[in-house]
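**Student:** This is what each chain is made of:
2 protein chains.
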Amino acid sequence: MCLLTEENRGVDLTSTPEWRRLLALGTPPPLRELFASDPDRARRYRFGCADLTVDLSKNWLTDDILRALVDVADASALSERRTAMFAGERINSTEDRAVLHVALRLPRASSLIVDGHDVVPDIHRVLDRMSAFADAVRDGTHLGHTGKPIEVVVNIGIGGSDLGPAMVYDALHRFADGPRCRFVSNVDGADIAGALAGLDPETTLFVVCSKTFTTIETLTNARTARDWLVGRLGDDQAVSRHFVAVSTDAAAVGAFGIDPQNMFGFWDWVGGRYSVDSAVGLSVMLAIGPARFGQFLSGFHSVDKDFVSVPHAQNAAVVMALLGMWYSNVHGAQTKAVLPYSHNLRRFPAYLQQLDMESNGKTVGLDGRAVATTTGPVVWGEPGTNGQHAFYQLLHQGSWLIPCDFIGFARPGAGPQHHHDLLMSNLFAQAEALAFGRTPAEVAAEGVPEQQIDHRVFLGNRPSTMILADELSPKVLGELIALYEHIVFVQGAIWGINPFDQWGVELGKVLANRITPELVDASAVPAHDPSTNALIAWYRARRSG
Amino acid sequence: MCLLTEENRGVDLTSTPEWRRLLALGTPPPLRELFASDPDRARRYRFGCADLTVDLSKNWLTDDILRALVDVADASALSERRTAMFAGERINSTEDRAVLHVALRLPRASSLIVDGHDVVPDIHRVLDRMSAFADAVRDGTHLGHTGKPIEVVVNIGIGGSDLGPAMVYDALHRFADGPRCRFVSNVDGADIAGALAGLDPETTLFVVCSKTFTTIETLTNARTARDWLVGRLGDDQAVSRHFVAVSTDAAAVGAFGIDPQNMFGFWDWVGGRYSVDSAVGLSVMLAIGPARFGQFLSGFHSVDKDFVSVPHAQNAAVVMALLGMWYSNVHGAQTKAVLPYSHNLRRFPAYLQQLDMESNGKTVGLDGRAVATTTGPVVWGEPGTNGQHAFYQLLHQGSWLIPCDFIGFARPGAGPQHHHDLLMSNLFAQAEALAFGRTPAEVAAEGVPEQQIDHRVFLGNRPSTMILADELSPKVLGELIALYEHIVFVQGAIWGINPFDQWGVELGKVLANRITPELVDASAVPAHDPSTNALIAWYRARRSG
Chain A
1 MCLLTEENRG VDLTSTPEWR RLLALGTPPP LRELFASDPD RARRYRFGCA DLTVDLSKNW
61 LTDDILRALV DVADASALSE RRTAMFAGER INSTEDRAVL HVALRLPRAS SLIVDGHDVV
121 PDIHRVLDRM SAFADAVRDG THLGHTGKPI EVVVNIGIGG SDLGPAMVYD ALHRFADGPR
181 CRFVSNVDGA DIAGALAGLD PETTLFVVCS KTFTTIETLT NARTARDWLV GRLGDDQAVS
241 RHFVAVSTDA AAVGAFGIDP QNMFGFWDWV GGRYSVDSAV GLSVMLAIGP ARFGQFLSGF
301 HSVDKDFVSV PHAQNAAVVM ALLGMWYSNV HGAQTKAVLP YSHNLRRFPA YLQQLDMESN
361 GKTVGLDGRA VATTTGPVVW GEPGTNGQHA FYQLLHQGSW LIPCDFIGFA RPGAGPQHHH
421 DLLMSNLFAQ AEALAFGRTP AEVAAEGVPE QQIDHRVFLG NRPSTMILAD ELSPKVLGEL
481 IALYEHIVFV QGAIWGINPF DQWGVELGKV LANRITPELV DASAVPAHDP STNALIAWYR
541 ARRSG
Chain B
1 MCLLTEENRG VDLTSTPEWR RLLALGTPPP LRELFASDPD RARRYRFGCA DLTVDLSKNW
61 LTDDILRALV DVADASALSE RRTAMFAGER INSTEDRAVL HVALRLPRAS SLIVDGHDVV
121 PDIHRVLDRM SAFADAVRDG THLGHTGKPI EVVVNIGIGG SDLGPAMVYD ALHRFADGPR
181 CRFVSNVDGA DIAGALAGLD PETTLFVVCS KTFTTIETLT NARTARDWLV GRLGDDQAVS
241 RHFVAVSTDA AAVGAFGIDP QNMFGFWDWV GGRYSVDSAV GLSVMLAIGP ARFGQFLSGF
301 HSVDKDFVSV PHAQNAAVVM ALLGMWYSNV HGAQTKAVLP YSHNLRRFPA YLQQLDMESN
361 GKTVGLDGRA VATTTGPVVW GEPGTNGQHA FYQLLHQGSW LIPCDFIGFA RPGAGPQHHH
421 DLLMSNLFAQ AEALAFGRTP AEVAAEGVPE QQIDHRVFLG NRPSTMILAD ELSPKVLGEL
481 IALYEHIVFV QGAIWGINPF DQWGVELGKV LANRITPELV DASAVPAHDP STNALIAWYR
541 ARRSG
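Protein chains in written order, with the numbering used here: chain A, 1 to 545; chain B, 1 to 545.
Keep in mind that the hints were calculated from the coordinates and are not lab data.
Result set (SDA-like, lysine to any residue): computed pairs, CA atoms no more than 25 Å apart in a straight line: (1) A:K509 <-> B:R411; (2) A:K509 <-> B:Q417; (3) B:K509 <-> A:R32; (4) A:K148 <-> B:G198; (5) A:K509 <-> B:A414; (6) B:K148 <-> B:V230.
All chains, please: the whole structure from these sequences, using the hints.
**Tutor:** Right under this line is the structure:
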């Protein structure tokens with residue numbers, strides 16, 4: 001169900017002739033027929049994007065549909081907005097900011113002028129400071145308060161200040177030759193308690209990531225960490241060797257007790273969910289070193305170049321975005337499954353969940369009117385082969401159209417080769433099964449008992465995309481992230497929304513700030529609806545402490 | 001989009017007078033109006049279920065709708081099928097099996113006759129063997145091959161043999177006073193390589209969980225673990241002290257090299273996704289001890305008793321199931337978010353994903369005909385407050401109706417009290433924000449600049465359910481799991497499907513078995529569709545080893 005009201009519709013994508021032509025094409029024949037009549041589609045719909053290979057042939061795609069989709073993109077503001085983003089214009093209009101995560105990975109020799117100022121030297125100045133610090137920690141030049149080297153880094157952040165570095169650290173774990181990392185995000189005290197368990201304060205470094213340095217979860221956890229450190233080492237001065245900050249607000253960082261010299265900055269044109277390639281990646285750089293972090297950035301940049309230069313009909317990010325739009329707006333898909341066949345990418349779906357859903361989970365357009373179509377999907381998934389033993393039943397035989405993105409690598413991240421062969425055979429088999437299914441006649445031909453036949457039929461024709469690369473290297477991971485960043489961008493541009501604000505997180509914060517004192521002060525009179533009042537009373541009656 | 005075809009419809013729930021009456025009620029007024037006109041609803045729609053408190057008042061519920069929903073349930077096969085399940089009848093008709101996870105938690109003094117045989121003594125015989133073994137490991141009576149006590153348990157399983165014990169171990173971590181546990185599931189070798197890193201074979205016990213003992217991921221990982229152990233300890237005989245099996249197949253267990261004396265059995269009437277309270281929970285029992293495992297089982301049983309005895313209109317599992325059905329079938333919700341405000345429950349959504357999606361992700365009814373309605377939702381979620389900084393934007397302002405289940409506890413699992421107060425204020429605030437939103441007038445009254453007002457409006461009227469308990473104890477966790485088991489059961493019964501088979505996982509396995517040799521044998525000629533053939537060729541050209 002779309003929650004939009006008819007009365008408040010803004011610019012209407014669906015009223016364009018390009019959209020009507022797309023709709024007129026309807027739904028193509030099933031994938032079985034498409035492949036039978038056009039075996040060449042496997043070759044024709046295989047796209048390259050930097051080091052990635054993207055097989056789109058098991059999507060509901062024909063040359064006519066591809067052309068119609070690209071026409072929709074060409075008739076939209078996509079090209080204009082892309083040019084504006086890369087030029088540093090203030091395309092985040094509701095917050096009056098530029099959007100320049102693409103600048104974060106520009107080579108040192110580039111330049112990008114924003115408001116008369118070249119941001120590239122600023123970016124590399126921070127990268128150089130991060131590198132110098134990372135080298136000092138990694139080679140033992142930077143020691144803890146008692147003179148011991150740093151062995152564990154605890155990253156404290158939430159949202160983009162957690163999901164990005166935590167996902168990348170897991171993904172690139174086999175390249176890590178620096179301190180081990182742990183990640184604390186949740187204000188639930190079980191998170192920091194678990195992270196601190198077994199740690200030695202003398203060898204622990206905390207990286208506190210918060211753009212504004214006011215995020216309540218992060219500051220609460222950082223204070224608890226500081227108390228733990230100071231309590232154990234018995235000296236306030238220890239903070240300066242054991243805490244660094246990633247933030248844009250030097251004053252707030254100083255007020256916390258961290259020397260602003262130990263702050264690594266970024267800028268208001270970097271959104272949290274687009275920040276893993278900024279100083280927010282410091283924990284990752286500490287673990288894998290500055291050189292590999294540089295390769296990671298170069299991967300993003302390779303995809304950026306393809307995104308701006310490859311014609312739309314061959315542009316992987318554009319066509320993937322268009323297919324996603326079409327599945328959502330025309331075919332009613334509310335979700336998209338992301339299924340990495342790589343245990344090291346197990347948190348990639350959670351990372352994309354934020355990237356996509358916080359960007360395009362909106363229904364008000366740039367003009368302040370409700371948009372005419374449904375918007376971003378629920379993104380979800382677990383790594384293969386685990387998901388096969390959990391929810392693939394529904395992917396194959398359930399009620400819903402769920403486009404799937406599969407991700408796999410030619411070479412294993414770790415472990416024996418025969419494990420990897422099994423992993424990859426399962427990857428290819430699942431995409432085949434979804435697309436082609438199994439007919440009643442095929443089931444019957446296997447000698448299945450009559451009363452089971454219907455239950456063992458697979459309708460097939462369930463679309464999926466296969467993203468492949470040689471190995472999950474730092475560069476390839478940067479490419480994967482950038483690919484999805486641009487898919488989200490294209491969809492936002494076509495839908496006419498601003499993917500770079502997040503007003504939808506505001507109200508919950510306001511209400512939580514109102515409720516917190518009501519939970520702890522027995523004399524407060526909660527002034528909410530009867531349900532919320534009753535919940536507060538329930539808690540007060542049981543609260544420990 | 002529903003993928004069913006009109007031509008193949010079976011028994012049609014939607015053709016009943018009860019369904020038509022439900023439809024005729026339409027959508028109730030928004031929650032703001034419902035609460036304004038009926039403040040008592042907060043009290044009236046608060047349900048108890050064992051130790052759980054369930055506030056359903058922020059759902060699209062009125063007395064008329066509740067009555068109509070219950071009428072649909074009463075007109076369905078629900079009561080009959082529930083009675084049949086608890087009586088041990090073969091309600092898993094496509095596999096001709098009884099469904100008796102509810103027997104697993106029956107007290108010792110009970111009896112339940114299946115095919116003339118009382119299964120309760122069998123169940124307690126296994127529980128007693130598990131307890132004796134767990135005690136022996138925990139008190140150092142069971143030693144490793146070189147005479148050292150067991151310090152780490154590695155559970156090897158996938159699907160229900162992993163998600164259940166892994167989730168419960170995380171959830172009850174603070175009660176763990178036995179060996180630490182690790183969990184290996186993925187055939188990706190990175191999983192077992194990561195799990196074995198840093199382990200001492202002399203103090204490591206492997207629990208290999210596989211109902212049939214043929215699950216390829218589990219057996220592949222178990223063999224790699226065995227090679228690791230034997231290679232390090234230099235003695236085949238070490239296996240007997242370091243490997244135990246949870247399985248129904250003693251012959252297969254023996255063939256692997258595990259003494260069938262070290263096998264803990266279960267029965268064909270326990271489905272994998274319903275098995276955490278069987279011997280599959282052995283790792284958990286090793287960690288928390290038999291007494292707490294008994295409390296865990298008693299929690300399931302408490303909810304079972306409520307489920308069979310409480311009238312439908314006050315029965316939490318029944319009403320939650322009916323609301324979920326209504327949101328899906330009538331209001332088009334394709335997903336359900338599960339949002340535990342408890343870091344220790346962070347894998348609960350993944351656990352429920354399997355429980356629900358593998359059970360009700362089906363469109364063929366018991367009669368072999370396509371069912372008339374859409375069926376089970378995509379279940380997804382992350383713990384609060386993390387999700388607030390990731391995807392809540394879309395929950396509040398996105399296109400889709402996404403019913404949310406919130407879960408919270410009065411007392412913290414760990415960490416300082418003020419962390420827990422913040423956690424709970426956020427929990428209550430999010431449900432309030434979703435339900436009541438913020439109107440343009442309210443935004444304007446806060447002095448928001450004109451051009452931002454539309455972007456900062458929250459439409460509200462987004463339904464959610466609040467599930468509360470005093471603390472996340474073993475008993476309460478058992479109750480939570482049982483509640484969701486029965487929700488899934490009710491929906492399956494009303495939709496007329498069999499929640500206890502999983503034919504939809506079959507085809508992928510068949511195809512993977514066909515592809516595996518084609519990946520490793522350069523002379524094989526892959527005989528699939530052109531896309532799959534090309535993927536296999538791509539892999540062969542790059543395969544290492």
